[in-house]
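Based on these hints, arrange chain Y on the given structure of chain B.
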Amino acid sequence: MEFENQFEKSANRTRRHRKDKFFALSLILPGIIVLAILVLILIMLVAKGVKAFNPDFFLSVQKPFGVEGGGIVNGILGSLLIMAMASLISIPLSLIFSVTLIEKKDSRIARLLELCLSSFQGVPSIVFGVIMYSWLVVPLKSYSALSAAIAVSFIMIPTVSATIKEVLLLVPSSYKEAAISLGVPRWKAMTGVIVPSAMPGIKGAVALGLARIAGETAPLLFTAFGNPFLSLDPAKPVSAMPLIIYDYIKSPYADWHQKAWGTALLLVLMVFALTLSISARQKNAHPR
Amino acid sequence: MNDRRYDSILTGAAVAGILLFMVFLATLVLQSIPAIQANGLGFVTGKEWNPVTVKFGALPFIAGTLLTSLLALALSLPFSLAIGIVLGEYASESKISTVANTIVNLLATIPSVVYGLWGLAVVVPLVRNIELALGVPPYGVGIASASLVLAIMIIPYLSSITREVLLNVPSSVKQGALALGSTRSEMITGIALPYVRSGILAGVLLSLGRALGETMAVTMLIGNATRMPTSIFSIGNTLASIIASQFNEAESDVHRSGMIGLALILFMITFIMNYLGRRVIQRTGVHHGI
Chain B
0 MEFENQFEKS
10 ANRTRRHRKD
20 KFFALSLILP
30 GIIVLAILVL
40 ILIMLVAKGV
50 KAFNPDFFLS
60 VQKPFGVEGG
70 GIVNGILGSL
80 LIMAMASLIS
90 IPLSLIFSVT
100 LIEKKDSRIA
110 RLLELCLSSF
120 QGVPSIVFGV
130 IMYSWLVVPL
140 KSYSALSAAI
150 AVSFIMIPTV
160 SATIKEVLLL
170 VPSSYKEAAI
180 SLGVPRWKAM
190 TGVIVPSAMP
200 GIKGAVALGL
210 ARIAGETAPL
220 LFTAFGNPFL
230 SLDPAKPVSA
240 MPLIIYDYIK
250 SPYADWHQKA
260 WGTALLLVLM
270 VFALTLSISA
280 RQKNAHPR
Chain Y
0 MNDRRYDSIL
10 TGAAVAGILL
20 FMVFLATLVL
30 QSIPAIQANG
40 LGFVTGKEWN
50 PVTVKFGALP
60 FIAGTLLTSL
70 LALALSLPFS
80 LAIGIVLGEY
90 ASESKISTVA
100 NTIVNLLATI
110 PSVVYGLWGL
120 AVVVPLVRNI
130 ELALGVPPYG
140 VGIASASLVL
150 AIMIIPYLSS
160 ITREVLLNVP
170 SSVKQGALAL
180 GSTRSEMITG
190 IALPYVRSGI
200 LAGVLLSLGR
210 ALGETMAVTM
220 LIGNATRMPT
230 SIFSIGNTLA
240 SIIASQFNEA
250 ESDVHRSGMI
260 GLALILFMIT
270 FIMNYLGRRV
280 IQRTGVHHGI
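Just so you know, the protein sequences line up as chains B and Y, in that order. So the first sequence is numbered by numbering that gives the first Met the number 0: it starts at 0 and just counts up by one. So the second sequence is numbered by numbering that gives the first Met the number 0: it starts at 0 and just counts up by one.
In isolation and in its complexed conformation, chain B is listed as follows (with noise of 0.2 Å):
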């Protein structure tokens, strides 16, 4: 009588260590299929992408609807620009703007900072370049690089100020004590203490957002516009590399659409290597 219930338990035991093992390897098959089509992924866009790489893929500007040849040099400085401008705008605006949610915190006034900034992060991007269209382009009278820079801005100040808040909040709260109790008044505590051995974070913050507006389309399709001539005048239309990806493939012509994978191949490099670059840094100031 005991020993059949022994043997009873112990298969029961098998059955469920069998199940258990299943259940392994029905988790294993979907994250195998996700990195497939990740796979295949990458490997089509080098593999099609390559192809439009050449010396004047990179050197010179689009040329004319239908006429073969021609680069990108147009939309690679484009997407530079409106890049650069974005972080004159961002990185400033999101320093202060996480400065004062650590400082008021609890506040009622930070509070609802923070519900803004939050509320923005989950706007859709191609509202920014509606909102930028009746903000600036319609007074202007023109699409510019400017407006373009500032809708990519919206996307990049809530993610970039709540990831330096995070960063900030890592700072040793010694640190700041020791210099109060030095005399030093707070505000320069913030801007001479904390803020500079945060600077490793920041950084990595900023290569974040950058990363993320990189590759922004939507955005730019009512404020950028696209120009196929080289223009890094603020106040006219300037070329992107998404915007050039995006009328490429919709065109009639084989070669316009190699150019479009190739300047996808481009620009996913680029944030690649944005985001790649953050995370070998994350290493670097937390080492195990």
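Treat the hints as calculated values from the structure; they're not laboratory data. Honestly, I wouldn't trust all of these hints.
Here are a few chain B residues that face chain Y, going by a calculated C-beta distance under 7 Å [said to hold, decoys possible]:
no., residue
1, V33
2, I95
3, A263
From the three backbone atoms N, C-alpha and C, an ideal C-beta is built for every residue, glycine too.
Below, chain Y alone, put in the same frame as chain B:
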């Protein structure tokens, strides 16, 4: 500079940020008034979108938005949960997890327009073959293609939230279950997952918020039709994709106003999703950076 001025600068910055948000909202509301006035409640419930006759009914786009997003969410949920569980429970300490996690994060950084490009090359022909086999009009593009690519796009997002909430389960709870003799799978399905139910709900809401507003990939894949979608193989439009494809071509002010009205509806839907998602995730106490 002294501390009093420092405080007033910070308060000023906060006020400016809050005002900016209010002006942003006011712009959306004020600019959409002409189109809403022309159509009344029909702006939300109308099925016809015709700029020439000033008929602006957003229902086909609202339907297209909800249909693609919910379909994408349903498709990605099992994959996202599985990946989240593997990364959060099975491989949380190993090197594989770090590598896999980096890969998942990289998947999240690929721009929407690149997903659209890939979808046109791979997913559209695939869907066209399925449509031919089923005997429905073989557009290739449409709700189905857009949803499939959208599903891939939200996997990294949802799986990283799942991973984070699972990592946040106290190890005493998990070890308790294991010590009582449960297998790992029993611990996960019986203890860990119920423990993080609300965190996963938050992840679902936040991913839905993201899918609803996703623009470029959907614009390239959905087929750009302004009529009501009738099946998952219909061509259609989402709120975001109709704005992307018509805004620059809008010739009358009232047409543009209609577009801004669509942006307002889109804003409200995503705002609600994100607000709920954040509320739920704050209650669970998990820090989430996205």
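> Against chain Y, with CB atoms and a cut of 7 Å, does the hint on V33 of chain B hold up?
Replying inline: holds, 6 Å
>> Let's test the interface hint: is any C-beta of chain Y closer than 7 Å to that of I95 of chain B?
In response: Given a least distance of 5 Å, the restraint on I95 of chain B holds.
> Under the criterion of a CB-CB separation shorter than 7 Å, is A263 of chain B in contact with chain Y as hinted?
Replying inline: holds, 5 Å
Violated hints: none; the structure is consistent with every hint.
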